[in-house]
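Those protein sequences? They're chains A and B, same order as listed. When the letters of the first sequence are read in order and numbered with numbering that gives the first Met the number 0, they come out as residues 0 to 694. When the letters of the second sequence are read in order and numbered with numbering that gives the first Met the number 0, they come out as residues 0 to 584.
Simulated from the structure, these hints should not be mistaken for laboratory data. Treat the hints with caution; some may be incorrect.
What the hints assert, rightly or not - If you want a taste of the chain B side facing chain A, the calculated C-beta under 8 Å gives, among others:
| # | residue |
| --- | --- |
| 1 | R173 |
| 2 | G395 |
| 3 | T407 |
| 4 | H455 |
| 5 | T456 |
| 6 | V577 |
All C-beta atoms in this analysis are idealised placements derived from N, C-alpha and C, irrespective of residue type, glycine included.
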Amino acid sequence: MTDSPALPAPPWRIAVDVGGTFTDMVLVDAGGRFHVFKTPSVPADPSRGVLDVLEHAARAFGADVGRLLSDCALFLHGSTVATNTVLEGRGARVGMLVTRGFRDFLEARRGFRANPFDHRPPYPPVLVPRYLRRPVGGRMDARGAEVEPLDEADLDAAIETFRAEGVESVAVCLLHSFENGAHERRCAEGLHARGGFEWVSLSHEVAPIIGEYERGSTTVVNAYVGPKVVRYLQALDERLRTLGLGPDLLVLQSNGRAISTRQVAHCPVNLVLSGPAGGVGALDYFAAATGFDDLITMEIGGTSCDVMLRAGGRVAVTDRLEVGGYDLVSASVDIHTVGAGGGTIAGADAAGLLFAGPRGAGAVPGPAAYGRGGEEPTVTDAQLVLGRLAPGPYAGGAVSLDLERARAALRTRVAEPLGIGVREAAIGVIRLVEQNLLQAVERISIERGRDPARFVLVAGGGAGPMHGAAVGRRLGARGVLVPRLAGVFCALGMLNADVGQDFTRVFIAPLDEDTMDEVRSVYAGLEGDARAWLREGGFETGAMRFEPEADLRYAGQQWDVRVTDAKADVGKLRAAFEREHDRLFGHVQPDSTVELTRLRVVGIGTLPPLVPARAEPGGPMPVPVSTREVYAFGPRGEPLGFAPTPVYRGADLLAGHRLDGPLLVEERTTTVVAGPGDRLEVLASGDLFIRFDHS
Amino acid sequence: MTLDPVQLALTQNRLDYITRQMGEVMVRTARSPIFSQAHDFTCFVCGPDGWLVSQADGIPIHSGGGGFAVRAVLRDFADDIEPGDVFVLNDPWRAGGNHLPDWVVARPVFVDGRRVAFCCNRAHQSDIGGGAPGTYNPLAHDTWQEGVRLPALKLISRGETRRDLWRLLLANSRTPELQDGDLRAMVGATRIGAERVAEFAGEVSADQALALFDGILDHAERRMRAALAALPDGVYEGADHSDNDCFEPRDVAVRARLTIEGDGARVDLSESSPQIRGFKNSTWANTCSSVYTAFASFFEPDIPRNEGTFRAVEIIAPEGSIVNATEGAATTMCTVFVAHEIIHACWKALGAASPEQACAGWAKNVFGITTGRHGDGRRYVLYHGLAAAGAGAVEGRDGFNQIGHLCTLGGLVMPSLEVYEQLYPVRYRRCEFRRDGGGAGEWRGGTGVEYEIDVHTEGTWSFRGEGLRYRTGYGAAAGLDGEGGEMEVHPVGAPTFAAPKFGLRELGPARLVVSSPGGGGFGDPLDRDPEQVLRDVRDAMISTESAFDVYGVVLTPGGRTVDTDATLRRRAALRQNVTSSSKAP
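Please build the complete structure, drawing on both the sequences and the hints.
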């Protein structure tokens, strides 16, 4: 092990985000500088992908992996292993214990189907077959009082069945267990002691919420992914330790907060959005780096666009999500995804109507221009025809774009069926996709009571910077931020994450003075749980933070509203609730009774935040590397025509530079498009910012 | 005028988005759970002449009604339609309504002084008066017993709300606060929609907007005609029956005679039964919606659903029949039953034309409502919706179990019983799939549930047991029918009785025991994958007996694997029996 001159000053922090196609790594050194690495993922063995990218980075520094790890103060990891286990149907063989008489809520799914008219496809297969959903006598009532004791003989019979059937992991979901988990805990004891089962998921621990279907489905997914996910993470942790890593391997959870591999064993279901949730830390970082507090991100990759919102210093969160058709309740960042990306397929339907999406061409065959056998035109092909992309090497040289193939695909699949020219076809595809992107952003802003005029749109991913200015302008946003590190958005965000976990309790009671003592004591209990959890994770009291939250609703309403920074104070809770209710639903009901439904304490172990580097303005004005004919669109997306457009190299743009559109900026893995009337400037952080006439 | 195909695609996409946004506003601003939870409403945009152009957000049984309502406004108000006006209506005979509880709010949209569109919604109200709380009066035998009738009324005139009229509407509801809030939500949603449509029409010009609306209708018509052209020309028949008129046993038939000629279809319902005394008579708008639902669900789901789509389908429904009742008939239940029978009759006829696309029948629901009071006097209304019926199978998919109404294509979300035990004075004893409930087939019909609940207070029980005691989920393509429903009531300290099909009962605390009915199977049960039959047996979804008798599958001792040789022999023997004698059960 020798010191290399290229190695930055220790200690450093490392984040590795394993995505479907690429494994991204960001190392931030003691001086706050970022070093970015990318290698192909190894879907069959994701830990191989982690080691590959580490070796690649080590080589670049002229060091070895041991050196890289031994001076690493913090190692964060985002992984799609939980999601892929579900999507590929490769989880554990799961048995389920349910209250006698109620075997089927998991399979009935409350009848959830996205589009009723689309009734021919079946549901995704149920994760626990009915013959492994075993009934257990015993009943709690709606207040958690025992009506009938647990039937131990049923439990024994179920254990016998599970053993005979080779069940590896057991989910327990008994009625009203969120009010009283005693019967579930008794089941766990039996399953451990008499059945020898190592993997037991209890619904009142995994998802303490009301609703047997949602709680049960979450618990089953937890049991289903648990063995595979936990073994993978523990093996990776061990491997990295052997190679020299000192601290615990931290994994990013769906809520954007990290957890140590030792502690994740109880709740692997919380890892289903492990990668994309890196966006939370990334948004916090961009806010700090640019001074814009309210941000909406639009991260566009090959087939989809993820939209996320940060307002008032917080990234919007939800606790409902769906993976592969399975419904989950798990604290997670609120991501709205639409099928609009570079590889989105366009065409004309049987009756001559243009469409774009939701189907995508994927990495293989990819857009027609890749020349890998793709026959169908994609958004990337349309960009090429309009001059916004240039023929030749693309995506850091990974592929080469062939203009003639793009034109041919658009001609046969769009232009000829519609009786228009190839250029008009390309214009149509871009306009339709940008209209869909605009609607996706409006959905999480306007439709949730947020005025887009307050927000800066963050355009990330390989294709985001091509659409950012057009969408931001039509949205009426303050401007568009194109981060230089947009390509490793999530890995960057992981480096800015804290450790944290939600601790919740269902608590249904009227919001009045009589309940406040109990509220205080529940909060105290939850905070105690959170404190113990953080201490176990190695945090000192000074590095702990506790955020009490409450869910409330008007009596009789079906869904509730989350209030952050909650105090056990009737007046303050009511006021905070009504503020949120007014924002979300447009009205308040001053005379109606308000109920509490859930109390929550978010326990946070703070890690040192990333400190944005700031460059001094200056440097010579950049000179375009070329000028080419690029198609321009007006403020409402209306087509204007081709115009000679200067093309800049990203590396030539330095802090303080200001340029007027139309122009293109070619970065290594993306191209930034600014239209006529747009003004682009380089911020002190080095990131690009596009302003409009109105901003 | 030749249309820019790009602009056409942008316009359709944008109008669909606007109707969804109107739906969002409805959900967000409404007070009653009918909007926010059950989503029992539809938002739509019509052209200036009333033709429905877009309704991306909506429930199936509202598919075809929107245009009738707006055309009634045009007929009654002709030159008296001004910017800032808003209309409300519900009447099936005077105003193109489908049934009285569904109110339509319609707002004209003007650009440069020209009317370019109407933004509208149709939504189920909490209570509109009539003979029973909650809009459904099972004892009604005329429309006046069902609630307030509204011809097209100008609710807002040039931006000024007619307060007298608003008060009249609220005065006719048992739940005026909900009515007030929901009406505001409906009006507010049309305002947002109108702003957005006006913005669009302003961008492209009024002329261009109207041409684009026509282009959208034409495109949808071409899509539907292409689907119809793929069916062989001919005359196909389908019928479905009810066994009661809400008061007494009686055969009530819906008979569809479908003529496919080139790329057009005609559905002639002339041979259907005369109208009945009870509240299941269909109105013209509801019959059209039912036929459209059957067609739209039969073909690809991405065919647009606007009035262009259905220009290709001509409907004949004689006045005075169960499918087009004369003015004054009781009709409230028709959006569920007889809609169900109309959809079934059309599906059967379509299935005769295209057997591989055939849809097996969805069982008719049996559950009703219990209303009573909590210990502290608060009123509760409990729908026994968990006792839902099973859906029919199609090629490639077993029927959905415990799914609910055909008229929504199962789109309403089932309640959570944990939530219900918190909200209502009840305890559930059982709710799980019924064995052998779904019709056998290569693809098995969805099964219903065994449902048992104790209701702890006295209350009024409203029965709607249409699917009780006969088989309603028909099998398709040699698939078998699903089982009929059963329902018993066990009042504490009083004799047990079988539930009536329709009617009201005052009861003390009681236990309700239901076997909800099953949907039909698709294809010959002898063609079902034996491994799937094994799984069904292991899952106790079917019995070993029906595996042997109906599916011809023999399991090895212990029941853990299929005995392949014995199964081949058994299936050959059963096939022999079918050809030589009559059919298996």
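Do the hints match the structure? See the list:
1. R173: violated, 16 Å
2. G395: With a minimum Cβ separation of about 7 Å from chain A (threshold 8 Å), the hint on G395 (chain B) holds.
3. T407: Holds, because the Cβ-Cβ distance from T407 (chain B) to chain A comes to roughly 6 Å (cut-off 8 Å).
4. H455: violated, 11 Å
5. T456: violated, 15 Å
6. V577: Interface hint status for V577 (chain B): violated (28 Å vs cutoff 8 Å).
When each numbered hint is compared with the structure, violations occur for hints 1, 4, 5, 6.
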